[in-house]
Amino acid sequence: MSFLVGENMTGGYGSADILHDCTIGVDKGQIAVIVGPNGAGKSTAMKATFGMLDLRLGRVMFDGEDITHLKPEERVLKGMGFVPQTHNVFTSMTVEENLEMGAFIRRDDIASTMEQVFDLFPILKEKRYQPAGELSGGQRQQVAVGRALMTQPKVLLLDEPTAGVSPIVMDELFDRIIEIARQGIAILMVEQNAKQALNIADKGYVLVQGANRFTDTGEALMANPEVRKAFLGG
Amino acid sequence: MSTLFNDKRAPILFAGMFLMLVAVGVLQSWSVTFTLLNMCLISAIMALGVNIQWGYAGLFNVGVMGFAALGGLAAILVSMPPQPAGYAAGGLGILGGLAIGAGTVFASVWTYRRYKRYSYVALVAVVGYLLMRAVIDPAVAAIEAVDPSVSGWLGGLGLPIVLAWPVGALFAAAAAWVIGKVALGLRSDYLAIATLGISEIIIFFLKNEDWLTRGVKNVNGLPRPVPYEVDLQESSAFQGWAQTLGMPVDDASGLFVKVLYTLLFVAVLAFILYLSEKALNSPWGRMMRAIRDNETAAAAMGKNVTWQHLRVFVLGSAVIGLAGAMLVTLDGQFTPTTYNPLRYTFLIWVMVIIGGSGNNWGAVLGGFFIWFFWIQAEPIGLWLIDSLTSGMDPASAVRAHLLEGAAHMRLMTVGIVLLITLRFAPKGLIPEK
Amino acid sequence: MADVLNALVLLANFLIVPGLTYGSQLALGALGVTLIYSVLRFSNFGHGEIMSFGTMFTIFFTWLFQGWGLSIKPLPTALLALPFGILATMALVMIMDKTVYRYHRENKSSNVIFLIVSIGTMFVIGGIVRFAIGPADQIFFDGTRFIMKAREFKQMTGLSEGLAIKTTQGITIVTAVIVVAFIWWFLNKTRTGKSMRAYSDNENLALLSGIDPARVVMVAWLLVAALAAIAGTLYGLDKSFKPFTYMQLLLPIFAAAIVGGVGNPLGAIAGGYVVALSEIAVTFAYKRVVGYLVAEEHAPETLLQLLSTDYKIAVSFIILVIVLVIKPTGLFSGKTL
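Protein chains in written order, with our numbering: chain L, 30 to 263; chain E, 5 to 437; chain Y, 145 to 481.
The hints are simulated quantities; they were obtained by calculation from the structure and are not laboratory data.
Be a bit skeptical, because a hint or two may be false.
[What the hints assert, rightly or not] Lysine to aspartate or glutamate pairs mimicking EDC-like chemistry, simulated, CA-CA at most 16 Å apart:
(1) E:K12 - E:D297
(2) L:K156 - L:D137
(3) E:K221 - Y:D356
(4) Y:K456 - E:E213
(5) E:K211 - Y:E347
(6) Y:K333 - L:D92
(7) Y:K252 - Y:E347
(8) L:K154 - L:E144
(9) L:K107 - L:D92
(10) L:K100 - Y:D454
All values reported here derive from a predicted model rather than from experimental measurement.
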C-alpha cells in the first residue's frame with residue numbers, strides 16, 4: 030500500500046457525486062501526477078485525500094493509518110501539506126511572515142527549515158521583507174510551496190502549481206518540485222500541463238469523469254498511444 | 005399539520021395582539037389602549053416602509069430616523085400659519101441663499117462631469133458655500149430675531165395638516181433619491197453606516213436651522229385633523245352622547261379624539277398595506293426578490309439592479325416619511341431633539357426582523373408587538389421588580405436602585421428578543437411565503 | 145514676531161491640543177472597530193456600548209478605591225481602576241461571543257445578520273449600563289486638573305495668549321501612544337498577533353496552516369475589550385460619562401475607521417486624528433488668529449467660522465459620507481491588518 034492513498038473514493042460537495050470509485054496514491058520520494066480533461070475531477074480527487082469533501086464510500090490511508098474522518102487541519106498536524114491553486118499566500122504579509130505562518134503548528138526552532146526553503150527558492154531570501162502580494166506570479170507560487178514546506182510535511186499536495194506562469198518559470202518550478210521529492214517527501218499534484226508533468230512523474234493518473242481511466246508510471250503513460258492521442262494532443 | 009399551523013399563525017398572532025390591547029383597556033384604561041394603538045399603527049406603517057427596502061430588496065437602511073423627521077418637517081411646514089414678519093425680515097435673503105446653494109450643487113456636479121477632479125469640485129463647492137452663507141446668514145439672523153420666544157421663523161403654509169402626510173412622503177422620497185444616488189452602490193454595511201450618518205445630519209440640520217423649524221425651541225400647537233377636546237366638551241350634542249354612554253364628558257372627549265385618530269390611521273395603514281401586498285405579489289415584487297437573493301444573476305439576466313434599488317429605496321423612504329408626518333400630527337408638536345436613532349431607527353428595525361422580514365403582515369404585526377412591549381415593558385418591569393423585591397426592606401437602597409432602573413429594562417428586553425429571534429426564528433413571527 | 149507666536153499658541157490651545165486629545169480617543173475606538181472588522185468581518189454597532197460598559201466598571205472601581213481612600217494623586221484614581229474595568233469588559237465580550245456571536249459564526253450567517261446581531265448587543269449592553277449606573281452624567285475625574293495653566297504659560301513666555309493643558313489631555317495622548325505602540329508590536333512581532341493578521345488576510349489558508357480560528361477570535365475580542373475600556377475611560381475622564389453620549393460616539397468612530405480604510409489599524413489611528421481635527425478646524429472661529437496676523441485695519445469683522453459649533457459632531461458624519469461616496473476604501477487603503 031502507498032504511503033498516502035485514497036481508495037475507491039466516491040463522493041462530492043453536494044448531492045451529486047463527482048468522484049466514482051477513484052483511487053489515488055503516492056509514495057515517499059515519489060511524484061504522482063493527476064491529469065485529465067477539464068471537469069474530470071482532478072482537483073476534487075486530490076482535495077478528497079485532504080478531507081475537503083465528504084466521501085460516501087472509500088477511505089483515505091496515511092502512513093498505514095485511516096484518516097478518512099479527519100478534518101483538513103488535523104491532517105496538517107499529521108504531516109500533510111496542501112498548496113491551493115489560488116489565494117495561496119497571505120498577500121499583506123511579508124515573505125518571511127508567510128513562511129512563519131506556515132510553521133505555525135511547530136513549537137521547535139524553525140530557522141533551519143526556513144534556510145532550507147531559502148536554499149530551494151533563493152529569490153525568496155532576497156524578497157523576504159517584501160509583502161507577498163507585491164511579488165510576481167511565479168514568485169508567489171514559490172512562497173506558497175515554501176509556506177507548505179515549513180511544517181516539514183511528509184506529503185505535499187499541489188493544486189496546479191504552474192497555473193498562469195510562463196513556460197520558463199514552469200520548468201523552474203518543476204525542477205524545484207523534483208528537488209523536494211528527492212528529500213523524501215511524497216508529492217501529489219494536479220496539472221493542466223499534462224505532458225511536462227508526466228515527464229517528471231513517477232506515477233500518473235488519468236482521470237475521466239471522476240473515475241480512473243489509466244494508471245501507470247509517467248513514462249509508460251507518455252508512451253501509451255491511447256493516452257497520447259486522447260489527452261496529450263498526439 | 006404544519007401547513008395548517010402556518011395558515012393560522014398570522015390570524016392567531018393578530019388575535020393575541022388584539023386581546024393584549026383589550027387587556028390593557030380593562031386593566032389600565034381604554035384611553036391607554038387607544039394611545040398605544042395609535043402609536044402601534046404609526047409604527048406598523050414605518051415598519052412597512054423598512055420592510056419594502058429590506059424585505060423586498062435587501063437594502064440595509066439605518067437612516068429611518070432622518071426620513072421620519074423629514075415627514076415631521078412637512079407637517080409643520082404645511083400646517084402652521086405663515087409668519088409674515090419673518091418673511092419681511094429675511095424672506096428674500098433666504099430665497100437668494102437657497103438659489104445660490106442650488107446653483108453651487110449644479111456647478112459642482114457640472115465641474116465633476118467636466119473635469120473629473122475632486123479638488124476642482126471642492127473649490128467650487130467651498131466658494132459657493134461661502135457665497136451662500138454671506139447671503140443667507142444676515143437673513144437668518146433677521147428672521148430669528150423676530151419675536152424669538154413665539155416666532156423667529158418663517159412658519160408654514162397654513163394648510164390642513166392631513167395634506168402634510170403625502171407631502172411628508174414626498175420630502176422623504178426626494179431625500180431618499182439624493183441619498184440613494186450617492187450611497188446605494190456601497191456594500192451593505194457601508195450603506196448602513198452612511199445612512200445612519202446622513203440621518204444624523206438631517207436631525208442636526210432640523211435642530212439648528214431655527215428659521216425653518218424653530219430648532220430646539222420646538223413647534224407647538226399644530227392644527228389637528230380632528231376636533232379639540234374642549235370644543236367637544238362644550239358641544240351639547242357631545243355632552244348628551246357621553247351621558248348615554250355613562251362616561252364623564254372629559255374622559256369621553258379624550259377617548260373620542262383618540263378613536264378618530266385611530267380611524268384615520270387605520271385607513272392609511274390599510275391603504276399602504278393593500279398597495280404593498282399588491283406590489284409584493286406583482287411581477288415587479290418577484291423581480292425585486294430575485295435581485296435580493298442573487299444580485300449577480302439578476303444583473304446577468306439584464307435587470308438594472310441599481311435603478312431598481314433606487315426605486316425601492318425611494319418608495320420605502322416615502323412610506324417612512326408619511327408615518328413621520330402622521331406621528332408629528334398625533335403629537336401635535338415637532339421637537340427635533342426627541343429624534344434619536346435608538347427609538348426611531350433601530351427599534352423600527354427590530355419590529356421588521358421580529359415580525360418577519362419580507363412579509364408585510366409580519367412587519368405590521370412586528371410594529372404592533374414591539375411598540376406594545378416598548379411601552380408596556382416599563383410597567384411590567386416595575387411590577388416584576390416590585391414583587392421580586394417586596395421581601396426587602398422598603399428603605400433598602402438596592403431596592404430603590406432596582407426600581408429606578410426598571411425603566412431601562414425595555415432596552416435590554418428588546419435587545420434580548422431581537423437576539424433570540426435571530427438565533428431561533430430568523431424568519432420572524434410571520435415568515436415570508 | 146510675538147503676533148505670529150500668539151496666533152500659533154491660540155491655535156494650539158483651542159485646536160491642536162483638544163484635537164489631538166479627542167483624536168486619540170477616536171483612534172483607540174476606531175482601532176477596536178477595525179480589529180473586529182478584520183477578524184470577524186462585520187461592522188460592530190455595539191462598540192460604543194462596549195466602551196460605555198468598560199467605563200462604567202472603571203467608575204465603579206474608582207468609587208470603591210475612593211471609598212478605601214486609595215489615591216495616586218496627581219493622577220486620577222480612575223487610572224488605578226482601569227485594569228479592573230478592562231477585565232470586566234473582557235468578561236462581557238467573552239460571554240457575548242459565546243452566547244451570541246459563536247452561533248452565527250458556526251452557521252456562517254451573512255455579514256448583515258452579524259450587523260443586526262451587533263445592534264441587538266447594543267440594546268442589551270445599553271440596557272445593562274443604564275440599569276446599573278443610570279442615564280445621568282457622571283464626573284469621576286479626581287487629581288490635579290492642569291499640567292499647565294494658561295496663566296502660568298503667559299507668565300512663562302510673556303505672550304498675551306495662554307496655553308492650557310489639562311491632566312486628562314496629557315494622560316489621553318500618552319496612553320494612546322503607549323497603546324498604539326503595544327498593538328503595533330503585538331500585531332507585527334508576536335506569533336499570536338501575526339496569526340491574527342494571517343487569519344484576517346486569508347481565512348482558508350490560515351486554517352491550512354493550523355491557525356485556530358477560535359483562538360484568533362478570542363484574542364481579537366479581548367484586545368477589543370481592552371481598547372474599548374481604555375478609549376471609553378479616557379473620553380469619560382476628559383469630558384464626562386453619559387451612556388447616551390457613548391452611543392453617539394459610534395458614528396465619529398466609524399467615520400475614523402472608514403476614513404482610514406476599514407481593516408487597516410494604522411489607517412484607523414490616522415482616521416481618528418483626521419476626524420477630530422477637522423471637527424474642530426471646521427467649526428473653529430479664526431477671527432482672533434487672523435487678527436494677530438494681519439494689520440489692524442484689515443482685521444476681519446465676522447467670526448471666520450466655516451460652520452457653527454452646533455454642527456461640530458455633524459462634521460464627522462459629513463466626512464464619513466464624503467469618504468464613503470468618493471473613496472469607500474478609505475484614504476489609507478491598500479494595507480489590511
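Checked hints:
no.	hint	result
1	E:K12 - E:D297	violated, 27 Å
2	L:K156 - L:D137	violated, 24 Å
3	E:K221 - Y:D356	violated, 57 Å
4	Y:K456 - E:E213	holds, 14 Å
5	E:K211 - Y:E347	violated, 46 Å
6	Y:K333 - L:D92	violated, 36 Å
7	Y:K252 - Y:E347	holds, 13 Å
8	L:K154 - L:E144	holds, 9 Å
9	L:K107 - L:D92	holds, 9 Å
10	L:K100 - Y:D454	violated, 58 Å
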